[in-house]
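J.: The residues making up each chain are set out below.
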Amino acid sequence: MSDLLDVLRALARERARVVVVGGVALRLQGSAYVTQDVDLAYERTRVNAARIAAALRPFDPKPRNHPPHLPFVFDAQTLIANEVLTLETTAGDVDLLAAIKGLGGFAEVDAAAETLPFEEFELRVLSVEGLLVAKRAAGRPKDAAGIVELEALRDARCAGETGIERGLDRP
Amino acid sequence: MRFSEEARHRILNPEPGSALARARDYGIDLSLLLENLERTPQQRLEQTVKMQRFLRVVDDVRRRAERR
Numbered sequence: 001m002s003d004l005l006d007v008l009r010a011l012a013r014e015r016a017r018v019v020v021v022g023g024v025a026l027r028l029q030g031s032a033y034v035t036q037d038v039d040l041a042y043e044r045t046r047v048n049a050a051r052i053a054a055a056l057r058p059f060d061p062k063p064r065n066h067p068p069h070l071p072f073v074f075d076a077q078t079l080i081a082n083e084v085l086t087l088e089t090t091a092g093d094v095d096l097l098a099a100i101k102g103l104g105g106f107a108e109v110d111a112a113a114e115t116l117p118f119e120e121f122e123l124r125v126l127s128v129e130g131l132l133v134a135k136r137a138a139g140r141p142k143d144a145a146g147i148v149e150l151e152a153l154r155d156a157r158c159a160g161e162t163g164i165e166r167g168l169d170r171p
Numbered sequence: 001m002r003f004s005e006e007a008r009h010r011i012l013n014p015e016p017g018s019a020l021a022r023a024r025d026y027g028i029d030l031s032l033l034l035e036n037l038e039r040t041p042q043q044r045l046e047q048t049v050k051m052q053r054f055l056r057v058v059d060d061v062r063r064r065a066e067r068r
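Protein chains in written order, with this note's numbering: chain A, 1 to 171; chain B, 1 to 68.
These aren't lab readings, by the way, just hints derived from the structure by calculation. Hints may be right or wrong, so weigh each one.
[What the hints assert, rightly or not] Reference excerpt, derived from the structure (chain A facing chain B, CB under 8 Å, subset only):
{"no.": "1", "residue": "L5"}
{"no.": "2", "residue": "S31"}
{"no.": "3", "residue": "V47"}
{"no.": "4", "residue": "A152"}
[Said to hold, decoys possible] With a cut-off of at most 30 Å between alpha-carbon atoms, the simulated BS3-like pairs for lysine-lysine come out as follows:
{"no.": "5", "chain 1": "A", "residue 1": "K62", "chain 2": "A", "residue 2": "K142"}
{"no.": "6", "chain 1": "A", "residue 1": "K101", "chain 2": "A", "residue 2": "K62"}
{"no.": "7", "chain 1": "B", "residue 1": "K50", "chain 2": "A", "residue 2": "K62"}
{"no.": "8", "chain 1": "A", "residue 1": "K101", "chain 2": "A", "residue 2": "K142"}
{"no.": "9", "chain 1": "B", "residue 1": "K50", "chain 2": "A", "residue 2": "K142"}
[Said to hold, decoys possible] One-sided and incomplete, this derived list gives chain A residues near chain B with beta-carbon spacing under 8 Å:
{"no.": "10", "residue": "V24"}
{"no.": "11", "residue": "G30"}
{"no.": "12", "residue": "Q36"}
{"no.": "13", "residue": "P117"}
{"no.": "14", "residue": "F121"}
{"no.": "15", "residue": "A145"}
{"no.": "16", "residue": "L153"}
{"no.": "17", "residue": "D155"}
{"no.": "18", "residue": "R157"}
{"no.": "19", "residue": "A159"}
{"no.": "20", "residue": "G160"}
Just so it is clear, CB atoms sit at the ideal spot from N, CA and C, and this is done for glycine as well.
Just chain A, same shape as in the assembly (with noise of 0.2 Å):
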């Protein structure tokens, strides 16, 4: 059975120009937030909506929800014709988004983000201040709770790097 990491090792080896966001980029950066879907920022070129799509053709990927008796491509031109994806896949529930609220474009994610090793690969995930500015301009009741807990982990990040001194607060 196909699983995120999955989907996350076919979008490296294609090359993918892709940010990881939402839940699971809080539980990259030390977040305990549970989450059922990966969602992802992409870079909404020709070249690299062929890269996303045939990483991800594999899981098969059809909108959520979708009405079993009509078609859907899954192709560049089906990422490059939409802001936001909403995907089923054999390896569990896919985002492409193409902005995000408060930051921007891919350009604006991909400058909010930081490189972290996923096996031999590398991966661009949301950086803890990204993922703050974000959830403060979406601005959802239910991401009031990962504000709080961003803000604490910037803090905890901060000990462990500069020993007790500072930074353990921050307005």
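Using the hints, position chain B against chain A.
T.: Showing chain B alone in chain A's frame:
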């Protein structure tokens, strides 16, 4: 990320008014947060996938129960 014993103590027993104290008061488990920070990104990802597999099983159980 490795934490010194002193840093661990300060994270688990934060100063009043700090972001860590606010998180604890909000109900966030600081020991879980510390445990996650001490994992590598790869370990955090694997843990996430384990949790997702578990949640899929839970969802299957719920769906089967609803069909009865």
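J.: Tell me if the interface restraint on G160 (chain A) is satisfied: Cβ within less than 8 Å of some Cβ in chain B.
T.: Nearest chain B Cβ about 5 Å off; hint holds.
J.: Answer holds if the nearest beta-carbon of chain B is closer than 8 Å to that of F121 (chain A); otherwise answer violated.
T.: violated (10 Å)
J.: Next item in the hint list is A159 (chain A). Is there a CB on chain B closer than 8 Å to its CB?
T.: With a closest approach of 5 Å, the A159 (chain A) hint holds.
J.: Closer than 8 Å between Cβ atoms is the bar; does Q36 (chain A) clear it against chain B? Give me holds or violated.
T.: Result: holds, 6 Å to nearest chain B Cβ.
J.: Tell me if the straight-line CA distance from K101 (chain A) to K62 (chain A) falls inside 30 Å.
T.: Distance of about 24 Å is within 30 Å: holds.
J.: If you take the shortest Cβ to Cβ gap from P117 (chain A) to chain B, is it below 8 Å?
T.: Given a least distance of 6 Å, the restraint on P117 (chain A) holds.
J.: Taking the least C-beta to C-beta distance, is G30 (chain A) closer than 8 Å to chain B?
T.: Holds: closest Cβ of chain B sits about 4 Å from G30 (chain A), inside 8 Å.
J.: Close enough to count: is the Cβ of L153 (chain A) nearer than 8 Å to one in chain B?
T.: Cβ of L153 (chain A) sits 6 Å from chain B, so the hint holds.
J.: Against chain B, is V47 (chain A) within 8 Å by beta-carbon distance?
T.: violated (26 Å)
J.: Can the hint on L5 (chain A) be confirmed by a CB-to-CB distance to chain B that is less than 8 Å?
T.: holds (5 Å)
J.: Are the Cα positions of K50 (chain B) and K62 (chain A) separated by 30 Å at most?
T.: Within the cut-off at roughly 24 Å; holds.
J.: Given S31 (chain A) as an interface hint, is its Cβ closer than 8 Å to any Cβ of chain B?
T.: holds (7 Å)
Taken one by one, the earlier hints fail for this structure at numbers 3 and 14, listed in ascending order.
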